[in-house]
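Residue numbers (my numbering), protein chains in the order written: chain X, 116 to 210; chain P, 7 to 485; chain H, 38 to 521.
Think of the hints as simulated: they come from the structure by calculation, not from any bench. Ideal placement from N, C-alpha and C gives every residue a C-beta, glycine not left out. Treat the hints with care, as some may be off.
What the hints assert, rightly or not - The calculated lysine-lysine pairs, modelled on DSBU-like cross-linking and capped at a C-alpha distance of 30 Å, are:
#1 H:LYS299 x H:LYS128
#2 H:LYS448 x X:LYS121
#3 P:LYS85 x H:LYS128
Claimed, not checked - Listed next, the stretches of chain X that the computed footprint assigns to chain H, with coverage defined by at least 3 CB atoms under 8 Å from CB atoms of chain H:
#4 120 to 132
#5 151 to 161
#6 178 to 185
#7 197 to 208
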Amino acid sequence: MSISEKDVLRVAHLARIRVSSDELGDYQEGLSGILSLVEQMHDCDTDGVEPMAHPQDIQLRLREDQVTEPDQRDAMQESAPQVDEGLYLVPRVIE
Amino acid sequence: MEFECVIGLEVHAQLMTQSKIFSGSSTAYGASANTQACAVDIGLPGVLPVMNRQAALMAATFGLAVGATVNPVSVFARKNYFYPDLPKGYQISQYEIPVVSGGSLEITTEAGTKTIRITRAHLEEDAGKSLHEDFHGMTGIDLNRAGTPLLEIVSEPDLRSPAEAVAYLKKLHTLVRTLKICDGNMQEGSFRCDANVSIRPRGEAALGTRTELKNINSFRFVERALHHEIDRQISVVEAGGAIVQETRLYDPDADLTRPMRGKEEAHDYRYFPDPDLPPLVIDEADIALIRSQLPELPDARQARFVSDYQLSEDDAAQLTGQSEIADYFESAVEHAQGESRLTANWINGELMSWLNKSDIGILDSPVTPAMLGQLICRIQDKTVSGKIAKQVFAALWEGDSDGDVDAVIQSKGLTQITDTDAIAQAVNDVIAGFPDQAEQVRAGEEKVIGFLVGQVMKATSGKANPQAVNELLKKQLLD
Amino acid sequence: MLHEHSLTALRDMLRRREISSTELTRHCLDRIAQHKNLNAFVTVDESGAMSAAAAADEQLARGEADLLTGVPIAHKDIFCTRGILTTCGSKMLENFVSPYDATVVERFHQAGSVTVGKTNMDEFAMGSSNETSFFGSVRNPWDPNRVPGGSSGGSAAAVAACLVAGATGTDTGGSIRQPAAFCGLTGLKPSYGRVSRYGMIAFASSLDQGGPITRNAEDAALMLQCMAGFDPRDSTSINAPTPDMTTLLGTEVRGLRLGLPKEFFDTSVDGEVLEKVRESLAVLERLGATLVDVSLPNSAAGIPCYYVIAPAEASSNLSRFDGVRFGHRSEHAEELVDLYENSRAEGFGEEVKRRILIGTYALSAGYYDAYYLKAQKIRRVIAQDFETAFEQCDVIVGPTSPTTAFPLGAKTQDPVAMYLNDIFTNTVNLAGLPGLSVPCGFDTAGLPVGLQLIGKFMDEASLLSTAHQLQQETDWHQRMPEGC
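Using the sequences plus the hints, can you model the full thing?
Shown next, in the form of structure tokens:
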């Protein structure tokens, strides 16, 4: 199984990872190799098998509705690349 | 060609929990930027979500109230996309198995009564807010709202006019407020609406290509935005064009809809079950408990107001449009010794007009149900006339006499003159003062009697009982 | 020498006040400096460690010892630690200081241990050789030209070189057990949910588990005792008491049924590895265990299944690294899309990007059913295989890895060859079971071989006691690399 250049670029954009034109070939090769490995899944018969999303058969634990987190903005923003007046800044977003 | 529109609504109702859906941060509105965004809310490396019980119970409450199935097992999934106000790069939502499936609401418009089916309601986390004011030419991100619990309520495309859409939205608004699961504050974004809109030639069964209309967050905007979008679609089709499936934004200032930039690319959300959250289980016992605690629903209350209080459908509908108004009414009626219709008139008329003028809610009304009830009693026992009662109401609104109705009437000397002698004196004075008009009445021009009544009322500062004045004038002039 | 003692022995010596924590911690820090060539640490917290040691000594002087008071340990750099860097082996988090401690880190604090630093690892735990780290490869103390295994390679190298007596690791597909095997150590991946994942930077959330890497089973039991237990901040944490692992170590293996899956003993495994595994099984047999042939018929599907599920979850887990709130932000970020695409392209290494892309592909429209859903079905089939096998045995045994440690650079150009290292370990993660690697001999090149024990869900005790009993009869775990 091989993956097309177009697919690599489609997936790279979905994942927001820039793939330059000189990297494209390597990614295409690498991903195709992994896909060939992954294709071996189809040798395994799974007719009528329920998908398994969690390794345990447990139900969601629920917490009581209480405010337990005080303002920690300063600590939270210590590692932030760019903040101003408590806001995280990003290049202008146009809706 | 005649077209009909097909509308489905997606309503995001913020659930009124104290803390967020997956963290212990406060959900209070209006705090300084990012002061209510803890490690979980900002998606720091390593953090994990823990579900709020109250949010689950509120979703189930809604399900029961609309006659839906509350699914015993529902699954949280990740909806993956990048946006600066979405901290983790995915939104925790429900996809294949929502907490609520099915259900319906009945709406009434001029076109009649109609059932609108609800497809589903699912739990999810709200995103933060992007502030586009100028921050050195950049956008600022405030994550205080991120993680606020939302119930997304999706209707079937059963709505056929903007008016129906508004009726449905109002009905839903009343319901979530009655259930006390959402405060319904549209300005603060607690109750938001997106619409899926398409048109088709009347009589055709197939659905047309739809557009999604965002940012229609007031009842007024919903109606206007929908009209615009429907007109736009019709003119596109009539000009031989095709509708493009897209997301459009309603701009209330320009009063038009336009395609949203940045959202034009095809979505591929890559939903998959969130491995951090095992399935949500709501069992029979939970359901039974929630059912036993359901408040009286708006439809049932309206019907009861008609039968128990002998109100018209219109009056009952108006009063039950907001559970606080209905509560106010029932309390006031009690204080008015059961005088329900007059109480309803006063609430739907005088009280509403004062509330609107002052732009406050009924819970903040300076005239309490007890005061209004007391006032109704004084009208009933003829202490004051209806007209004078409005003056008393105004005084009560201003806080006179600590809201003691009788004290207000006393202090302002507004007690109706029921003393026949005093009224007779005034009547005689007026007959003497306006001989021409008195003569006209005597000559058979009975209409003129109204003028004389007015003069007597004026002379008594409105405190005379107009009916008594009328009778006395007739007696004096015609008998 | 001080550093040759086990974690348990050091703990006891501290309690008896034969040594001080200050002395011991100083010794560890000196050794870390001496063995810098191993590149086992990303961060060494000398001042933090020395002040924690001083505090421990005061506590010990008062006779108030907790479980691990004064014992130096190291944390894999995937666990968030307040005040010092947490890099996850990535340029993306090169300067990231977490404002909070992971639950595991908190528990070690509460138990009184001294954190000397953060160990090197494959970037975001994606790798089996520790060669994907942004901070460079880690060297295997048994042969510096070979890999220590991965992704917890720094932890394994640090313990193997006796820089610390114990370190934490995480295991998503073998990342504790394989480096433990490559470095001649005891490494335990607990049952999914036994150890809190809060504060452990997620790779694949439904597979990740933290666990100990130590020199022997007794130490592993002690560290597990400290790490394990219910955590309300992790919705997948199991709300069950942790049995006293250390007292259960004495459980005899007599009557224990050891299952040998025929799929784990086939020709794909290095002959010497198989030989050593069989020899250790013979020891256990002599102690009264019985060997039973079992089958895990769908094991071959494990690797392909794992390489869908793990990257799919990773692709989503790693979306939060977007240059907005923390982590690397590209200088070329005029537009929002550039901020995202450049920050992520620059911040992530090749292997991480490859896995994000493959995971994104597997979840994307039109491929979900064929890849992700199919993998989830296989996951159940694999879990059921284990259940069936456990009807006939108590513990499943086999090699941890098909080979011993391979030379640096040997597999870096071939991701698929690298992935096949996990062939015996990753099915255990898919099923959520506990797995342990214990040293069982050396090949002719003098490299350690690991025996893997796989237990029933929540039965870490059988794995630890079996390993402990084996270690009463053998001395492989006591050997030390030359020059250490």
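Outcome of the hint check:
1. Restraint check for LYS299 of chain H and LYS128 of chain H: the C-alpha separation of about 42 Å exceeds 30 Å, so the hint is violated.
2. A C-alpha spacing of about 28 Å is found between LYS448 of chain H and LYS121 of chain X, which places the hinted pair at or below 30 Å, so the restraint holds.
3. Using a Cα cut-off of 30 Å, the hinted pair LYS85 of chain P and LYS128 of chain H holds, with the two alpha carbons roughly 27 Å apart.
4. With a threshold of 8 Å between beta carbons, the proposed coverage of the stretch 120 to 132 of chain X by chain H holds, since 10 of its residues qualify and at least three are required.
5. Counting residues of the stretch 151 to 161 of chain X whose C-beta lies closer than 8 Å to any C-beta of chain H gives 10; at least three are required, and the coverage claim holds.
6. With a threshold of 8 Å between beta carbons, the proposed coverage of the stretch 178 to 185 of chain X by chain H is violated, since 1 of its residues qualify and at least three are required.
7. Coverage of the stretch 197 to 208 of chain X by chain H holds. Counting CB-CB distances below 8 Å, 6 residues qualify, and the rule asks for three or more.
Of the numbered hints listed earlier, those contradicted by the structure are 1, 6.
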